[in-house]
Structure formats: C-alpha cells, structure tokens
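S.K.: Construct the complete structure from the given sequences, taking the supplied hints into account.
These are the residues of each chain, in order.
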Amino acid sequence: MITLHYFAGLRELTGTSQEQADLAGKTVEELMEWAADKYPGIERASARVAINEEYALPADVLEDGDAAAFIPPVSGG
Amino acid sequence: MITLHYFAGLRELTGTSQEQADLAGKTVEELMEWAADKYPGIERASARVAINEEYALPADVLEDGDAAAFIPPVSGG
Amino acid sequence: MKAFEVVTEPINPQIYADFVLRPEAGAVTLFTGHVREWTKGVRTLYLAYEAYVPMAEKKLAQIGREIEEKWPGAQAAIAHRIGELQISDIAVVIAVSSPHRKAAYEANEYAIERIKEIVPIWKKEIWEDGEEWIGDQKKKPEGGNQ
Amino acid sequence: MKAFEVVTEPINPQIYADFVLRPEAGAVTLFTGHVREWTKGVRTLYLAYEAYVPMAEKKLAQIGREIEEKWPGAQAAIAHRIGELQISDIAVVIAVSSPHRKAAYEANEYAIERIKEIVPIWKKEIWEDGEEWIGDQKKKPEGGNQ
Numbered sequence: 235m236i237t238l239h240y241f242a243g244l245r246e247l248t249g250t251s252q253e254q255a256d257l258a259g260k261t262v263e264e265l266m267e268w269a270a271d272k273y274p275g276i277e278r279a280s281a282r283v284a285i286n287e288e289y290a291l292p293a294d295v296l297e298d299g300d301a302a303a304f305i306p307p308v309s310g311g
Numbered sequence: 235m236i237t238l239h240y241f242a243g244l245r246e247l248t249g250t251s252q253e254q255a256d257l258a259g260k261t262v263e264e265l266m267e268w269a270a271d272k273y274p275g276i277e278r279a280s281a282r283v284a285i286n287e288e289y290a291l292p293a294d295v296l297e298d299g300d301a302a303a304f305i306p307p308v309s310g311g
Numbered sequence: 009m010k011a012f013e014v015v016t017e018p019i020n021p022q023i024y025a026d027f028v029l030r031p032e033a034g035a036v037t038l039f040t041g042h043v044r045e046w047t048k049g050v051r052t053l054y055l056a057y058e059a060y061v062p063m064a065e066k067k068l069a070q071i072g073r074e075i076e077e078k079w080p081g082a083q084a085a086i087a088h089r090i091g092e093l094q095i096s097d098i099a100v101v102i103a104v105s106s107p108h109r110k111a112a113y114e115a116n117e118y119a120i121e122r123i124k125e126i127v128p129i130w131k132k133e134i135w136e137d138g139e140e141w142i143g144d145q146k147k148k149p150e151g152g153n154q
Numbered sequence: 009m010k011a012f013e014v015v016t017e018p019i020n021p022q023i024y025a026d027f028v029l030r031p032e033a034g035a036v037t038l039f040t041g042h043v044r045e046w047t048k049g050v051r052t053l054y055l056a057y058e059a060y061v062p063m064a065e066k067k068l069a070q071i072g073r074e075i076e077e078k079w080p081g082a083q084a085a086i087a088h089r090i091g092e093l094q095i096s097d098i099a100v101v102i103a104v105s106s107p108h109r110k111a112a113y114e115a116n117e118y119a120i121e122r123i124k125e126i127v128p129i130w131k132k133e134i135w136e137d138g139e140e141w142i143g144d145q146k147k148k149p150e151g152g153n154q
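Residue numbers (the numbering used here), protein chains in the order written: chain A, 235 to 311; chain B, 235 to 311; chain C, 9 to 154; chain D, 9 to 154.
Derived by calculation from the structure, the hints in this document are not laboratory data.
Check the hints yourself; a few may be wrong.
What the hints assert, rightly or not - Distance ranges between label pairs, derived from CB positions:
| no. | chain 1 | residue 1 | chain 2 | residue 2 | range |
| --- | --- | --- | --- | --- | --- |
| 1 | C | G81 | A | Y289 | 27 to 37 Å |
| 2 | C | G81 | B | E246 | 32 to 42 Å |
| 3 | C | P62 | A | L291 | 48 to 58 Å |
| 4 | D | G49 | A | E277 | 58 to 68 Å |
| 5 | D | V50 | C | Q94 | 31 to 41 Å |
| 6 | C | G81 | B | N286 | 53 to 63 Å |
| 7 | A | G249 | C | Y54 | 19 to 29 Å |
| 8 | A | A255 | C | E121 | 31 to 41 Å |
Stated by the list, open to error - Straight line, CA to CA, 20 Å or less: simulated EDC-like cross-link-like pairs of lysine to aspartate or glutamate:
| no. | chain 1 | residue 1 | chain 2 | residue 2 |
| --- | --- | --- | --- | --- |
| 9 | D | K110 | D | E139 |
| 10 | C | K132 | D | E74 |
| 11 | C | K66 | C | E77 |
| 12 | A | K272 | A | E246 |
| 13 | A | K260 | A | E246 |
| 14 | C | K132 | A | E253 |
| 15 | B | K272 | B | E288 |
| 16 | C | K66 | A | E246 |
| 17 | D | K48 | D | E139 |
| 18 | D | K132 | C | E136 |
| 19 | D | K110 | D | E32 |
| 20 | D | K10 | B | E287 |
| 21 | D | K132 | B | D294 |
| 22 | C | K110 | D | E114 |
| 23 | C | K10 | A | E287 |
| 24 | C | K110 | D | E121 |
| 25 | A | K260 | A | D300 |
| 26 | C | K48 | C | E136 |
| 27 | D | K110 | C | E136 |
| 28 | C | K110 | D | E125 |
| 29 | D | K110 | C | D26 |
| 30 | B | K260 | B | E288 |
| 31 | C | K66 | A | D271 |
| 32 | C | K132 | C | E45 |
| 33 | D | K110 | C | E121 |
| 34 | D | K48 | C | E136 |
| 35 | B | K260 | B | D294 |
| 36 | C | K48 | D | E45 |
| 37 | D | K66 | B | D256 |
| 38 | D | K110 | C | E125 |
| 39 | C | K110 | D | E45 |
| 40 | C | K66 | C | E13 |
This one's a predicted model, so the numbers in the text were calculated from it and none came from an experiment.
Every residue, glycine too, gets a C-beta built ideally from N, C-alpha and C.
M.R.: Quick look at the structure:
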C-alpha cells in the first residue's frame, strides 16, 4: 500500500489529508492519472509529487510502503 | 577662539583630545597648515576636517566659537 | 531548538542568531518575515500556514547545506512557523553568520528565495470578505509577499 | 534607546528590530557586526572603538534619512558601540523594516557601507604583539573586517 498526503488547497479539494491506496508498482505519472480520475481538477493544481519527502520525477516508481505527497505550489516565507 | 578635537591616531599624535586656538577667520586649509606646523605628520593622516559636526571644505572659514574636528579615515562597523 | 525547524509557537529570532554566532563570524544577518496588514490594497485579517513538516524541515536543512557550499564559512539556521498568525507575527526567521558581511547578506537572501521555491509550506490569506490559499507566487507580477 | 545612537554598553539587537517593526512591514533585516577573532591570519585579542559621538549620531541619522529617500517605506535604526569589545561582541547593529524584503536587504547593506564611509568612529585592533588604529579600510585589498 501507498500512503497519500494532500495539503492546502488539495486537502480541501480531496476532502482528506491522508489516505491509503494500492498503487505499488505505479509510476508518479500513473499516480497523477489515478488522482485526476478520483479528484477531478487536481491535475490543474500544478502539483509536484514527493515520494518519501523528496521531489520525484514522473517516471519514478512507487514501492510498497512509500509515502507520496501532492505538493501544490509552495507559498512559505 | 576655536575648539579643536583630535581622535584616534591623531589624538595619540598630538597628545591631546581637545584644545583651544585663536583661528577665527582662517580657512580649513589654513587650519591644516597650522596643524601641520604644530604637529608634524598630521598632514599625512588623510584627515578630513569637520566644523560643528559636519564635514567642511578647504575654503570654508572658521568663525569664533566653532568646533573643528580632525577626522582620520573612519573604521567603524 | 533545531537549526532547521517548523514550529507552531511564536518565534524568538534571537535564538537563531545566537545559534550561528562563532568566534570566526564577523557578521550575522537575521531576516524576519512578518505578516503584513496590506497586500496590493487588500487588508489581511490573519494568515494560516500549513506545512508538510518532515519534508519542510529536510528542505530547510538542504538550503543550509547549499549555503555552506556556495559561501564557504557561512552557517545558517532557519525556522518557519505554521498555524494562525496575526499581523506583525514572525512567519519565518533566517539567521546567517559569516566571517565577512557580503556572504551573510547574499546567503540570507538566497535562503528566502529558496524557501519560496522548494519548501512545502503553504499560506492561506484570510481577508474581511474571503480567504485563499496562496501559491505559485513567483508567477505573479510584483512577486508575492515581502 | 534612540533610533540612531552610539552606546557604551552591550547591544541588545532585538530592541532595534522591534523599533522598526510596523503593521505595513513584511520584512525586517537585522545586521550585527561582531568582533572577529582572526583577520588575515592575525589573532585579535580585543578591539577598542572611539567615536566623535555627537557627529557620529548625526551621521547615523543621516544614513537613516538616505534610506527612507532611496527605499520609500523603509525605516532604519542603527547603533554602534564604543569602548573595549571582546571577541563576538556586537560592534554595530542595523535594523531595517520594509513592506517588501528586497528593500530591507538592500537598504541594510547600504547602511553598513555608508557607516564605513562617513561615520566618525575608529577601531583599534589589539593583538598579542601590538595594536593599531585601523583606517582607510576601503583602500586595502580584500576590504576591511566583516
């Protein structure tokens, strides 16, 4: 299983801050497609994906136990 | 009378931090010549002169009661 | 305190300046970013910050390492506060020490730029008539806050 | 405290940062210049600063006015300590607040440059084997301290 994290506007869009999904073996790109199906609009949020707290590339593959986070454009400072 | 102030290395060169001199009517340039006569070496200190706490020009004229200060290159900060 | 941290309580900036001070440091720069009342003619009531805390602290530490590489001898400490912040509250503090002042200024400004690029922290502005998560500030004319 | 002052006691930098903070300020930069132990391979034991105090305070205030003119909305406070200072002691503090951060960084760095040009304050370095009044630092290669 993969743990998914949603923040800020994406947390409000999805209505959850965290969930589990059976996405091991999928790429980050496939994770994005899965999310866009489940949460229409998320694909327009310019979000990056982090795996285990590090920014990931579209071709990176999720492994069982990974934490994947949708990172909308940051606005700290 | 004019009150003269000496700071830092110039205070050590002249041996005094302050003195009175009858220099009213003299220019800053003439003050410098007077000081160089009295304290040989002061002319090589790259000092600026301030009159009443403001930097002065060589042609500025001292008036009775003025405070004139020899300002060697500053090194604050 | 940690040298790179996300906190929920009010920030005391001095402890970060003290943290980076060393006998070889001739200069310390301390930047504090504050909640500003007015932004582009709109009055902010308060802000709410949210973070992906463990990743944010890793990214702040990464910025610290980048600074040590780019400005040898420089050392940084950074904290960002999350939760509800009122006008004038400190949202972020950046302390940089360095033997010479030029590096202390440059590295400090570099840190705030990098925070706005890579650290997963989000700001929601709450106004009298609404609220909005702020994002992608760099694409807006005039930049974001501060 | 005064916004522009020469002091003889240890400097608490936070009071100058607090002084310039206002609801419209999104950024505060605080620079502290510290006595550094090593300068160009020579170990400093301590420093002694001397000032032409009334003129120095006038010149610090002039720098504050220059900043308000060059960076509208920016506000500064500056203090310089004189007397004997030990390693790591604060010699100078510059606080600048501004709606946006760029001006706060630029104006702060401008202030320290101007202090080194026009403010009648002098530093004597005391080493293990001698002492010397430092002057005309800008003409030396590598600049002066910090």
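S.K.: Each hint needs a verdict: does it hold in this structure or not?
M.R.: Status of each hint after checking the structure:
1. G81/C <-> Y289/A: 27 to 37 Å: holds (29 Å)
2. G81/C <-> E246/B: 32 to 42 Å: holds (34 Å)
3. P62/C <-> L291/A: 48 to 58 Å: violated (21 Å)
4. G49/D <-> E277/A: 58 to 68 Å: At roughly 59 Å between Cβ atoms, E277/A and G49/D fall inside 58 to 68 Å, so the hint holds.
5. V50/D <-> Q94/C: 31 to 41 Å: violated (49 Å)
6. G81/C <-> N286/B: 53 to 63 Å: violated (43 Å)
7. G249/A <-> Y54/C: 19 to 29 Å: holds (24 Å)
8. A255/A <-> E121/C: 31 to 41 Å: Hint holds: Cβ distance 35 Å, inside 31 to 41 Å.
9. K110/D <-> E139/D: Judged against 20 Å, a Cα distance of about 39 Å means the pair is violated.
10. K132/C <-> E74/D: Violated, at roughly 36 Å.
11. K66/C <-> E77/C: Holds - the C-alpha atoms of E77/C and K66/C are around 17 Å apart, at most 20 Å.
12. K272/A <-> E246/A: OK: K272/A and E246/A at ~14 Å, within 20 Å.
13. K260/A <-> E246/A: violated (25 Å)
14. K132/C <-> E253/A: violated (23 Å)
15. K272/B <-> E288/B: violated (24 Å)
16. K66/C <-> E246/A: The hint is violated at about 25 Å.
17. K48/D <-> E139/D: holds (15 Å)
18. K132/D <-> E136/C: violated (57 Å)
19. K110/D <-> E32/D: holds (15 Å)
20. K10/D <-> E287/B: holds (19 Å)
21. K132/D <-> D294/B: violated (31 Å)
22. K110/C <-> E114/D: Holds, at about 11 Å.
23. K10/C <-> E287/A: Holds, at about 19 Å.
24. K110/C <-> E121/D: holds (11 Å)
25. K260/A <-> D300/A: holds (11 Å)
26. K48/C <-> E136/C: holds (14 Å)
27. K110/D <-> E136/C: Cα-Cα ~28 Å, so violated.
28. K110/C <-> E125/D: holds (16 Å)
29. K110/D <-> D26/C: Answer violated: K110/D to D26/C is near 24 Å, above 20 Å.
30. K260/B <-> E288/B: Measuring from Cα to Cα gives roughly 17 Å; hence the hint holds.
31. K66/C <-> D271/A: violated (31 Å)
32. K132/C <-> E45/C: holds (14 Å)
33. K110/D <-> E121/C: Distance ~11 Å between K110/D and E121/C Cα, so the pair holds.
34. K48/D <-> E136/C: violated (57 Å)
35. K260/B <-> D294/B: holds (8 Å)
36. K48/C <-> E45/D: violated (46 Å)
37. K66/D <-> D256/B: violated (27 Å)
38. K110/D <-> E125/C: The hint holds at about 16 Å.
39. K110/C <-> E45/D: Satisfied, since the Cα-Cα distance of roughly 18 Å is no more than 20 Å.
40. K66/C <-> E13/C: With Cα atoms ~9 Å apart, K66/C and E13/C stay inside 20 Å; holds.
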